[in-house]
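Below are the chains, spelled out letter by letter.
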Amino acid sequence: MTQENALRILKSLSDASRLRIIQSLTQGEMYTELLAERLGLTPSTVSFHMKKLEEAGLVVSRKDQYYTVYALNREVLEMSLSDLAASRPEQADEQQKREDEYRQKVIDTFFEYGRLRSIPVQLKKKRICYEVIADQFVPGKEYSEKELDEIIEAVHEDYCTIRRDMISEGILKRDGGRYVRIR
Amino acid sequence: MKEFIEYLTQRIEAGKEEIEALEAEGRRDDADFAKVKTNIYDVCRTVTNALRERPGAGAAAVKAQLDRFSISWNEALEKAREHDDAKNIVVGETKMEALRDVIAHFPEVES
Chain A
1 MTQENALRIL KSLSDASRLR IIQSLTQGEM YTELLAERLG LTPSTVSFHM
51 KKLEEAGLVV SRKDQYYTVY ALNREVLEMS LSDLAASRPE QADEQQKRED
101 EYRQKVIDTF FEYGRLRSIP VQLKKKRICY EVIADQFVPG KEYSEKELDE
151 IIEAVHEDYC TIRRDMISEG ILKRDGGRYV RIR
Chain B
1001 MKEFIEYLTQ RIEAGKEEIE ALEAEGRRDD ADFAKVKTNI YDVCRTVTNA
1051 LRERPGAGAA AVKAQLDRFS ISWNEALEKA REHDDAKNIV VGETKMEALR
1101 DVIAHFPEVE S
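So the protein sequences, as listed, match chains A and B.
Quick note: the first sequence uses the working numbering, first residue 1, plus one each step.
Quick note: the second sequence uses the working numbering, first residue 1001, plus one each step.
Hints are computed from structural coordinates only; laboratory data are not their basis.
Certain hints may be false.
As the list claims (entries may be wrong) - These stretches of chain B come out as covered by chain A in the derived footprint (C-beta under 8 Å, 3 or more residues):
#1 1004 to 1012
#2 1088 to 1094
Stated by the list, open to error - Keeping only pairs whose Cα atoms sit at most 30 Å apart, straight-line, the calculated DSBU-like set for lysine-lysine is:
#3 1063(B) with 51(A)
#4 1087(B) with 124(A)
#5 1079(B) with 11(A)
#6 63(A) with 1016(B)
#7 105(A) with 1035(B)
#8 125(A) with 141(A)
#9 173(A) with 146(A)
#10 1002(B) with 1087(B)
#11 1035(B) with 1079(B)
#12 1079(B) with 1002(B)
#13 1087(B) with 97(A)
#14 126(A) with 1079(B)
#15 1016(B) with 11(A)
All residues carry an ideal CB built from backbone N, CA and C; glycine is no exception.
All chains should be built: construct the whole structure from the sequences, respecting the hints.
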């Protein structure tokens, strides 16, 4: 168990509504609507809490026709506090981890459902957003300007600015009328 | 319109009590959703106060603004549902539920 997972478990349990959900599930499998009725919450609020519990590995779900049925994951639930306290950070370099977290924060701020909300002003953030857009291009593959613009436009309407910036940032290379992703 | 503003104020006060009670119970996320709901009543009261006395605005302008909220918040909710975004589904449903209640209590606008 990594420290990250242990923290996720502890955070998800530090909410009385989620503890009540766990208590209800000790009686057996239950679907969202039934839990909502029992706990006096809306089904969407129960779904929100279930997602947190599922991400922490405390519950598992399965589809049963139109319903999502939830059950406790006994293996995780029966861990002791000493098991959680003994968890260790992942081996990944701390600096790298911080950078990954920063990158993810920028992505979460500037992207919504795959669309770029606005072009960041700060260069570091702009680079991160352009790298995300660059993932749409196969490295080494040549694109016409029209193909390139269509792909960028699906992410943000100002495809001209983004295309120019990606070239000046060394993400794309223009050779004649063809474009190639170089990093 | 005075009664309508009083209703919104009453809902804001009730919302504050609900937030306090949920926080005291240790239901932090549910308290956050109650804050979203209370904020909607607050936004609607601010809009009403700002528009009702403005020359050329009045009750019809308030109602038009509430209808605009309804369209844009409903779009955001649909988008959240489309992407199975659990948190924003709850936020969107909470906002729409509060707005429906606000509109239901809005006084008849004379044409």
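Do the hints match the structure? See the list:
1. Counting residues of the region 1004 to 1012 of chain B whose beta-carbon sits less than 8 Å from any beta-carbon of chain A gives 0, not enough to reach three: the coverage restraint is violated.
2. Proximity of the region 1088 to 1094 of chain B to chain A, defined as three or more residues with a beta carbon under 8 Å from a beta carbon of that chain, is established by the 3 residues found.
3. Taking the CA atoms of residue 1063(B) and residue 51(A), the gap is about 37 Å. The hint is violated against a cut of 30 Å.
4. For the hint linking residue 1087(B) to residue 124(A), the alpha-carbon distance of about 29 Å falls within 30 Å, and the restraint holds.
5. With a C-alpha separation of about 28 Å, the suggested pairing of residue 1079(B) with residue 11(A) holds against the 30 Å cut-off.
6. Restraint check for residue 63(A) and residue 1016(B): not satisfied, since their Cα atoms lie roughly 38 Å apart, outside the 30 Å limit.
7. This hinted pair checks out: residue 105(A) and residue 1035(B) have alpha carbons roughly 24 Å apart, not beyond 30 Å.
8. Restraint check: the Cα-Cα separation between residue 125(A) and residue 141(A) comes to about 26 Å, which is no more than 30 Å; the hinted pair holds.
9. Pair hint residue 173(A) plus residue 146(A) holds up; C-alpha atoms about 15 Å apart against a cutoff of 30 Å.
10. Note on residue 1002(B) and residue 1087(B): the hinted pairing is violated, with a Cα-Cα distance of about 35 Å set against a maximum of 30 Å.
11. For the proposed pair residue 1035(B) and residue 1079(B), the alpha carbon gap of about 22 Å is at most 30 Å, so the pair holds.
12. Proximity of residue 1079(B) to residue 1002(B) is assessed by CA-CA distance (about 36 Å); at most 30 Å being required, the pair is judged violated.
13. Our distance criterion of 30 Å between C-alpha atoms is met by residue 1087(B) and residue 97(A), whose separation comes to about 25 Å.
14. Between residue 126(A) and residue 1079(B) the CA atoms are separated by roughly 25 Å; this keeps the pair inside 30 Å, and the hint holds.
15. A C-alpha spacing of about 25 Å is found between residue 1016(B) and residue 11(A), which places the hinted pair at or below 30 Å, so the restraint holds.
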